[in-house]
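A.B. asks: Chains as they are written, first to last, in this note's numbering: chain R, 6 to 692; chain S, 45 to 214.
Check each hint, because a few of them may be wrong.
Said to hold, decoys possible - Only pairs whose alpha carbons sit at most 20 Å apart, straight line, appear in this in silico PhoX-like list of lysine-lysine:
hint : chain 1 : residue 1 : chain 2 : residue 2
1    : R       : Lys299    : S       : Lys109
2    : S       : Lys109    : R       : Lys393
3    : S       : Lys164    : S       : Lys186
Think of the hints as simulated: they come from the structure by calculation, not from any bench.
Since we're looking at a predicted model, the values are computed, not measured.
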Amino acid sequence: MTEDQSRSLAEVEALLARLGCDLVLVPEASGDAAWRAGFGTVRTRLEALGGPTAARLCARVDALVGAASAEDARAAFDALVADVSAWRDGTAPVPAQGSAPDGASGIGDDDLEMLRADPELASMFVAEALDHLGTIEASILKLESSPRDAQLLNDIFRPFHTIKGNAGALGVGRVQQLAHTVETLLDHCRSGRLTPGPHEIDAVLKAVDLLTTMIQDIGPRLGGGEGRDVWPASLVLMDAIQALSAAAASPGGEPRGTDPHQERPTQAPALPEEPRRRAEDQPGHHAVRVDTRKLDTLIDMVGELVVAQSILYGHPAWQAALDERAARQLAQLRRITGDLQRTAMSMRMVPIRSTFQKMARLVRDLGKQAGKQVELVFSGGETELDRKVVEEITDPLMHMIRNSLDHGIERPEERMRAGKPPTGRVELTASHEAGNIAITVADDGRGLQLARILEKAVERGLVPEGASLTPQEIHQLIFKPGFSTAVEVTAISGRGVGMDVVRRNIESLRGRVDISSTPGEGTRFQIKLPLTLAIVEGLLVAAGDQRYVVPTFAVRESLRPAPGDVHHVQGAPRMIRVRDSLLPLVRLSDLFGIGASGLSPAEMTAVVIEDDGRRLALLVDRLLGKQEVVVKSLGSAFRHVRGVAGGAILGDGLVGLILDAGGVMDLTDERGPEYGGRPSPQRRAAA
Amino acid sequence: MQQPDGARGGGRLEALPGKYLAFTLGNEEYALPVLRVREIIRMMEITAVPQVPRYIRGVINLRGKVIPVADLRARFDLDEQAYTERTAIIVAELAQADGVPLLMGVVVDAVSEVLNIGGKDLEETPQFGAGVKTDGIVGMAKSRGRVTMILDIDRVFGGDVAENGRSAVA
């Protein structure tokens with residue numbers, strides 16, 4: 006078997022997989038024109054391969070299409086799939102993995118010629134096209150619930166048309182070709198000759214995926230890299246789409262398509278009524294595309310300006326100046342820099358809507374795969390948060406939704422038995438809450454199964470046998486590394502990674518996640534995130550000759566230790582009584598090995614910090630005040646430094662380190678009550 | 045980092061002719077390719093960072109960016125000396141594995157001048173024998189009647205400050 010034949014068979018397999026989904030999930034659709042056309046394509050492809058095996062398979066296809074009942078069709082289909090994969094596995098050479106030869110790549114060499122000549126135009130084309138594909142995807146998902154919405158169809162048709170036009174103008178032939186094929190189909194829908202049903206929507210979604218891949222590959226291809234092997238799949242898809250279009254165009258009068266009102270396994274995500282047009286689409290609003298690096302530089306520079314301005318403002322020469330006009334102008338400068346900083350910060354904020362839309366697609370695809378009926382409802386898509394937070398929250402959200410679909414939402418039969426509607430519901434909401442962003446993922450599934458979680462945790466040695474835990478404590482167990490209760494490992498979840506990663510990711514965004522769950526009624530994950538990662542409110546403290554920022558969210562209280570409350574171990578203060586509890590006491594200067602001031606604990610201030618239920622009192626020389634600071638990464642050079650979350654540029658332009666409460670506690674635990682390891686010179690002097 | 049003499053640098057001529065920024069540590073003169081120098085700033089107050097090797101002095105604010113600062117004297121195990129009016133921080137670009145250059149401040153006694161070093165001025169680093177670190181010295185240049193040691197800044201700081209930091213803490 007040649008490589009071409011093997012690729013062709015792989016395409017047949019892919020096509021069969023798609024048709025198979027429909028066979029199981031949309032039995033009503035079997036036998037309709039699109040379905041027949043799909044198998045027609047399979048048959049043509051098989052025939053082209055030639056030989057006795059191909060002939061036998063063609064006969065199977067005929068039997069399948071002509072099957073009298075759904076059961077017969079199903080059986081014939083299974084046999085066909087088994088034969089095709091056996092043929093491919095048995096005799097086919099292993100197809101080349103990864104990078105594809107030019108012929109199979111989504112972007113051919115010819116396609117790149119004009120783009121090469123003008124890289125800037127190329128990157129604009131890529132950015133715009135990807136943007137369009139994003140809006141198309143969101144619109145298509147809405148189309149599932151209102152297939153006759155002309156406005157919606159226009160919203161899908163237009164960007165496809167733009168992509169096709171731009172691709173044509175830039176000579177990106179393969180993109181143009183695929184976009185054109187889809188456009189034709191959409192045109193039938195627009196004109197009412199065809200009502201988009203699950204087949205049409207699937208096809209368009211698939212085209213969006215392929216186009217996205219092709220367009221994403223343009224950059225790497227221009228850089229001399231390889232593209233991904235999507236062209237054969239595109240050819241198959243174009244065949245299928247053309248079949249759908251042909252069916253619509255054929256005389257027969259009646260508009261056809263799958264009846265959109267029939268019960269379908271995967272419900273369309275019922276999107277709440279949102280204004281169709283985004284603010285920036287309205288007349289009078291214009292948006293420009295700006296490189297995020299330029300934006301970050303701008304924000305850095307504005308931060309510097311604010312610092313420079315405040316140094317100037319605090320300068321003794323100004324304080325002494327009696328010129329009222331100069332003082333007024335300086336105050337004016339101060340106001341302007343303040344406004345400038347707020348504006349610059351707001352430029353980092355983006356609505357979370359696009360992330361929610363990605364989840365809608367995920368729910369749809371996962372629901373289909375798992376044979377569950379799920380609808381996703383989201384609200385608060387307009388809630389704005391820091392661009393970086395939006396990027397970083399996508400993965401955790403995806404994990405949580407997978408978790409809900411895999412473990413939470415039951416199969417339709419089970420739901421019916423429990424007296425619930427067969428369609429499960431996942432709710433995704435975002436809102437502002439007291440200076441934070443709250444994101445909720447809630448499902449109406451079976452809820453966390455406490456007994457099973459506990460059993461598993463004991464089995465994995467995460468809790469001792471016979472331990473009695475509160476339901477809340479048991480809920481927390483699912484965030485432990487390596488914990489998984491999935492009976493079977495599925496492609497979706499159950500590999501024992503996931504929820505611990507979710508928690509870690511959220512904590513790295515300085516957020517937290519809580520769970521509540523009621524057996525039989527569902528599970529709710531609540532995430533709280535800071536509005537921005539760029540600014541943190543902190544307590545500025547002095548220790549030795551250094552200043553540190555302790556984030557306010559980690560500070561419980563600060564107090565002047567009474568001599569009687571401080572307990573010494575081996576001559577050094579090690580514990581402090583704060584009301585009824587005894588907390589470990591650590592001199593920050595000792596922990597970080599910096600020059601100590603030589604003050605006694607009673608002359609110092611204890612800052613009680615908390616992280617993940619642990620508390621510790623940090624001895625510092627004095628408090629300098631509360632302030633908001635701009636968080637700066639220390640960069641890769643210091644990624645192994647623990648107890649430090651970043652740097653902040655303080656009012657005088659110098660850097661102060663921002664403490665990481667969890668890291669400080671880990672560091673203390675590790676050094677033990679005696680601080681173990683190498684005592685620092687300061688400690689020896691102090692002891 | 046500690047390599048036997050000659051395994052790296054010593055005995056091979058790797059420096060190329062070109063422009064170099066010359067600076068001094070005590071009586072010795074060293075040079076870096078100017079292409080790797082972003083700017084030169086005056087000594088300023090440095091914020092200490094815990095758990096790093098002694099030669100990493102901490103971080104400074106370079107116009108809104110927080111960058112690490114290393115002391116070259118400490119790196120070469122030379123006697124410590126109080127910073128003076130002439131002490132300078134050379135902000136250099138270090139190559140990193142991920143391709144994004146790391147900006148790092150390098151504290152030197154004084155910056156001398158930009159040298160134009162031609163091919164005929166360059167010589168291999170001689171073998172000094174055991175105990176003398178030639179790590180990071182990739183050539184010697186003779187000009188103006190004195191010898192200047194040419195540094196490969198990536199090698200001097202091991203290419204990755206963080207890895208050094210970790211091994212120093214462990």
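A.B. asks: If you draw a straight line from the CA of Lys164 of chain S to the CA of Lys186 of chain S, is it 20 Å or shorter?
C.D. replies: 9 Å, holds
A.B. asks: Taken at face value, is the distance from the CA of Lys393 of chain R to the CA of Lys109 of chain S at most 20 Å?
C.D. replies: 18 Å, holds
A.B. asks: Are the Cα positions of Lys299 of chain R and Lys109 of chain S separated by 20 Å at most?
C.D. replies: Roughly 14 Å between the alpha carbons, so the hint for Lys299 of chain R and Lys109 of chain S holds.
The structure agrees with every numbered hint stated previously.
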